[in-house]
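Protein chains: 2
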Amino acid sequence: MKHITLIAAAVAATLGSMAFADGHEANPAVKARQAHMQLYAHNIGILGGMAQGKIDYDAALAQIAADNLAAVAAMNETTYWIEGTAEGTKALPTIWDNMDDFMVKQDGLTVASAAMAEVAGTDLASLQGAMGDLGGTCSACHREYRQRN
Amino acid sequence: MKHITLIAAAVAATLGSMAFADGHEANPAVKARQAHMQLYAHNIGILGGMAQGKIDYDAALAQIAADNLAAVAAMNETTYWIEGTAEGTKALPTIWDNMDDFMVKQDGLTVASAAMAEVAGTDLASLQGAMGDLGGTCSACHREYRQRN
Numbered sequence: 001m002k003h004i005t006l007i008a009a010a011v012a013a014t015l016g017s018m019a020f021a022d023g024h025e026a027n028p029a030v031k032a033r034q035a036h037m038q039l040y041a042h043n044i045g046i047l048g049g050m051a052q053g054k055i056d057y058d059a060a061l062a063q064i065a066a067d068n069l070a071a072v073a074a075m076n077e078t079t080y081w082i083e084g085t086a087e088g089t090k091a092l093p094t095i096w097d098n099m100d101d102f103m104v105k106q107d108g109l110t111v112a113s114a115a116m117a118e119v120a121g122t123d124l125a126s127l128q129g130a131m132g133d134l135g136g137t138c139s140a141c142h143r144e145y146r147q148r149n
Numbered sequence: 001m002k003h004i005t006l007i008a009a010a011v012a013a014t015l016g017s018m019a020f021a022d023g024h025e026a027n028p029a030v031k032a033r034q035a036h037m038q039l040y041a042h043n044i045g046i047l048g049g050m051a052q053g054k055i056d057y058d059a060a061l062a063q064i065a066a067d068n069l070a071a072v073a074a075m076n077e078t079t080y081w082i083e084g085t086a087e088g089t090k091a092l093p094t095i096w097d098n099m100d101d102f103m104v105k106q107d108g109l110t111v112a113s114a115a116m117a118e119v120a121g122t123d124l125a126s127l128q129g130a131m132g133d134l135g136g137t138c139s140a141c142h143r144e145y146r147q148r149n
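From first to last, the protein sequence lines stand for chains Z and L.
Using our numbering, the first residue of the first sequence is number 1, and each one after it goes up by one.
Using our numbering, the first residue of the second sequence is number 1, and each one after it goes up by one.
Think of the hints as simulated: they come from the structure by calculation, not from any bench.
All C-beta atoms, glycine included, are put in the ideal place defined by N, C-alpha and C.
It cannot be assumed that every hint is accurate.
Unchecked claim - Just so you have them, the derived chain L footprint on chain Z, three or more residues with Cβ under 8 Å: (1) 33-39; (2) 44-50; (3) 135-144.
Unchecked claim - Facing chain L, according to a computed beta carbon distance under 8 Å, are these residues of chain Z, among others: (4) I4; (5) A8; (6) V11; (7) D58; (8) T78; (9) T79; (10) V104.
The shape of chain Z in the complex, shown without the other chains:
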């Protein structure tokens, strides 16, 4: 993991100097992890909207959102979480002091997303039943490692 992290940091620096030479754009690692989070938000927004009755339950669409969420959650995030890239973002620098715990929390989301994908297309009650664990994994990580506002 350490080897990969160091290589990934070098890659992020290289991509940064390749693509963002004007300095106005965020580090590519930051852009990538914010994009990754955006896809969480999009798919959890659909599932959560259904769970709360703000969006009509549709089994096929619930399954699409849950499968997409599980696919994103299963991705390897090594190339995103490069030490020294917290500034200007909501990521707390304590992430890098607690990387093992951070990854345990990421794994929690991976597991909860897979569980959601197992049941989201069954019926609304099943989707709602899986929502608590899923939302809990978001909160668990944000509470520790994201700025409050």
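Following the hints, position chain L against chain Z.
Just chain L, lined up with the frame of chain Z:
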């Protein structure tokens, strides 16, 4: 597909009114597809950087980037490409007149990404060999369906 698209459009509208009531934020479907594209760019940037010798080849990191790329490319994009959401983006409205062709082109990327993931961790020559097809699928879609600048 049509049923899902209509539902997805309703979802996008609902999420939009839920989360972005001030009107300053992009439609959530637009934000999601731009995030999806950002993850393509991030992972193709790593693979392309290695192919071009701008980043040292590292088999493990190449495999991570290729697996992530393949995972994103295999996702179902139904909830992103909502008719009427081209304005203010580089997406051309002709996408919605040619949705079958657009999806064929998306499938091309899915196949090329899976092929890259098969070989990216083998050696640099194999990665370079898969890069042409992969880049070709990007170009094929952008040429038809993305504004030039």
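Against the structure, the hints come out as follows:
no.: 1; hint: 33-39; verdict: holds (count 5)
no.: 2; hint: 44-50; verdict: holds (count 3)
no.: 3; hint: 135-144; verdict: violated (count 0)
no.: 4; hint: I4; verdict: holds, 6 Å
no.: 5; hint: A8; verdict: holds, 6 Å
no.: 6; hint: V11; verdict: holds, 5 Å
no.: 7; hint: D58; verdict: holds, 5 Å
no.: 8; hint: T78; verdict: holds, 6 Å
no.: 9; hint: T79; verdict: holds, 7 Å
no.: 10; hint: V104; verdict: violated, 19 Å
Against the hints set out earlier in the document, violations occur for numbers 3 and 10.
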